[in-house]
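Asks: Here is what each chain is made of, one letter per residue.
Number of protein chains: 2
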Amino acid sequence: MNLEKLFKPKSMAVVGISKRNPLSPGRIILVKNEFELDVGVYGIHPEAGELEGIELHARLDELPEIPDVLVIAVGADDTLKYIQDCVDLNIPSSIIIGGGFAEIGGKGIVRQKKLEKIAFDNDIAVLGPNCIGVYAPPLIDTIFLPTERLTRPPRGSVALISQSGGVLIDQFFVKFNERNIGVSTAVSIGNRAVIDETILLKYFSKIDPDTSNIAFYLEGFKDHKAREFLQLAKESEDTIITYFGGITDYGKIATQSHTASLGSNLKILTSALKQHYIIHPHSERELLTYLKVYDILSQRKKPFGENIIVFGNVAILSVSGGHGVLCSDMLKKYGLTLVRFSEQEKIEMLNLLNPVAREISSVNNPIDLTGSVLDTDIENIMRYLSGIERIECILLLLLPYPPNISFQIGRRIANIITNKKKPVITFLPYVAKYSLIIESLEIANIPVFHSIKEAVQAASALKLRSKITSLKKDTTYWEDY
Amino acid sequence: MNLEKLFKPKSMAVVGISKRNPLSPGRIILVKNEFELDVGVYGIHPEAGELEGIELHARLDELPEIPDVLVIAVGADDTLKYIQDCVDLNIPSSIIIGGGFAEIGGKGIVRQKKLEKIAFDNDIAVLGPNCIGVYAPPLIDTIFLPTERLTRPPRGSVALISQSGGVLIDQFFVKFNERNIGVSTAVSIGNRAVIDETILLKYFSKIDPDTSNIAFYLEGFKDHKAREFLQLAKESEDTIITYFGGITDYGKIATQSHTASLGSNLKILTSALKQHYIIHPHSERELLTYLKVYDILSQRKKPFGENIIVFGNVAILSVSGGHGVLCSDMLKKYGLTLVRFSEQEKIEMLNLLNPVAREISSVNNPIDLTGSVLDTDIENIMRYLSGIERIECILLLLLPYPPNISFQIGRRIANIITNKKKPVITFLPYVAKYSLIIESLEIANIPVFHSIKEAVQAASALKLRSKITSLKKDTTYWEDY
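Heads up: the protein sequence lines correspond to chains A and B, in order. Residue 415 in our numbering sits at position 415 of the first sequence, and the numbers go up by one each step. Residue 183 in our numbering sits at position 183 of the second sequence, and the numbers go up by one each step.
All clues given are correct.
Just so you know, same-sequence chains aren't split out, so a pair can sit in one copy or run between any two.
Straight-line Cα separation of at most 25 Å, DSS-like style, residue types lysine-lysine; simulated pairs:
{"no.": "1", "residue 1": "K301", "residue 2": "K420"}
{"no.": "2", "residue 1": "K222", "residue 2": "K234"}
{"no.": "3", "residue 1": "K332", "residue 2": "K267"}
{"no.": "4", "residue 1": "K267", "residue 2": "K333"}
{"no.": "5", "residue 1": "K274", "residue 2": "K333"}
{"no.": "6", "residue 1": "K252", "residue 2": "K346"}
{"no.": "7", "residue 1": "K346", "residue 2": "K107"}
{"no.": "8", "residue 1": "K113", "residue 2": "K202"}
{"no.": "9", "residue 1": "K202", "residue 2": "K472"}
{"no.": "10", "residue 1": "K333", "residue 2": "K252"}
{"no.": "11", "residue 1": "K332", "residue 2": "K252"}
{"no.": "12", "residue 1": "K225", "residue 2": "K274"}
{"no.": "13", "residue 1": "K274", "residue 2": "K202"}
Just so you know, these hints were derived from the structure itself, not from any lab.
Excised from the complex, chain A in its bound form (with noise of 0.2 Å):
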């Protein structure tokens, strides 16, 4: 099954336009793609003719060329005969938008085994049925929705598979979007009749080039598929996140009228994966901190330098007190340690601040410089952090409300992390007015965030994915994970 042609294709086809009805899913998937994306887009309407400007073709076999897929937005037996198009034509892989297949019971069950038959025997990558398709950046695009209604992320290493297409255009696009995550390919696999987690872990983790992180929202595995799954992660090279909803009796029930799949005992489920190395996030908030960290960690500059051990010991940096408690608070929630300085060290951090803030400021851990600080002083101690071997990350707590605090302050820290490869985790509070320094911080790959709790997961997402990377490759310097 080739998936390449699908997640890459130079050209697609495009079934079930309507003329009439500009927002209908086929017309939408037409327009954007012809007008946004880099694939070449062929329209398929019985009377040819044109819309908007695009030439449609009568039929697919009168295509000048064989398209590399097939998006299918027609009803439901109408769309088998389509799939059979693509065996008799040769065309490897094909989307299916509509639904009317197991999620409605009884003929649509019936009607998904023969879509399962033809496409297995005949190794027809079909993604689908009832799903929004894929967007891969900057090839294609078959989300059926307008696309000035959506927010796209930005591209990155992450490869995002969800079982409902709604999370994955508003939980996910809009908060990778939010936080600067980037994306190589998004997958919505709806029924996943054919294509599943499986299938895409698989290409993702062996063959795509474009992905070092792969994301999962699932509602359940697909029976029979788990132990491959499981096994497949534990071999991946990449980090793999899945995150599970229906897990709760309510949630049980909301999945069957959703997607007909079972959520499964999430004691058992949360063991197994963390057994295959897979990591499974308490929260979505917790996904999004890891996703973020995990895509920094996987650009090709890397300003904390390459193979980063964690185990945990942090240093909190703050101008306000109560932001250092407020942290403290939560290191051992997510595993963290505070390191301690020896008296010799406070007084070589005391010796590096101006006058007034030497007399007001705390050199314990959490370090408080308060609002007497100065750039210099940041700087300062943010280098003399950076020379201390046990301290493995930083938490930077910058609040930019002292007066004397400059805009430069994200471009200095950004150039002495870049030249010391301290990890340093950055919280700054979201204000449209403070975005030059955030930015400032994020071009150079520092990952910020803006709630201390989101900057603290992030800490212990550098943590667990040193522990990972060190058992997969046998080592044994963790305690059993």
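Using the hints provided, position chain B relative to the given structure of chain A.
Replies: Showing chain B alone in chain A's frame:
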């Protein structure tokens, strides 16, 4: 002790103004109050003259009137002299910005004892020392940081008291603004030598007409005052919420360097708060969610009607199955229950839908109207659910991606809710282009949240307040809270 003079002053004087440094705290306070706020401002400088067009007076006893409040931004020893001036000149209240008191130990403790004695003996309402003071719009703002660096929250019903100035201006101001939560008065209590959380609780609960909700960030109660605080809270008609920092071992160490007060034992604390009907959220986000809901319930226009009682029975309405699943998963944790629909109700709901959506929608709870939804489908179902008495709150997960949802949808829903008086909590993605829909709802006092979790927390906030209100009135609806 007259706190009205402190929080609603007609005039203030400022000492500690630098003619050379435009960023000195005293000067920032002088200029921002003169240029941006309604209070009358007198600047005191031994050389008199003028500064940025503001006349300066050489001595406090030369002012044309006795100011309501004296803001002191000088060194610790001089501070005590100025407090004595308050006594001699009958200035009823003072805000001490500077440090050098109990937080530095040793002679600082002696100074603070002196300060306390003068203030209590002469009934001067002293705030601080070591604080950023008061923000009470539109009258006074003694935050000694440049206004253009800060994000001010809107005006509203919440009195906000914080033991950390940094937490007040960052964790609260920024996030109140993001969430449109309104503040009556914000107070940084610093070392709380004289005015402490208990005195403030009494004032905001019994005297201030603008406050209906009182929120505290504390790192522990002031010695020997916990009992009085708890008793006042239990008797209060306002909603009281506390959030404690410094509650873990690491946090406690951080607290000691910061405000030198010890956090209490969390379990004992939690139990005591509960017994006195004080809301004690698990996280900062939960705190913010609760405050947003309670601020809205305190508005004069009440879209949900008076005396809302929510036992926790909810309906979920979505256009994405996955969102329904994720929302359902969170209900149990927050003590909420999905109402079951009868077969008759399901048929009636289906009959309200457009033919395409009718085919593929699920009208179990959660309801999934799918991407084929029209505005009128959402309106019809909202009106229908509003008429079902056993539904106490509707969780509306409103994704604006389906092509036929118009930007009028927010207004349409607002009109229905305002008419039907059914509690509704909405989730909408936080994307700039959807602000028209978001604002349509918020203008009508219908709360919008930008994560499913916060929407669920908000529904639980209604239940929690229903419980506490009933318990305070000694009704027997509720099992032991």
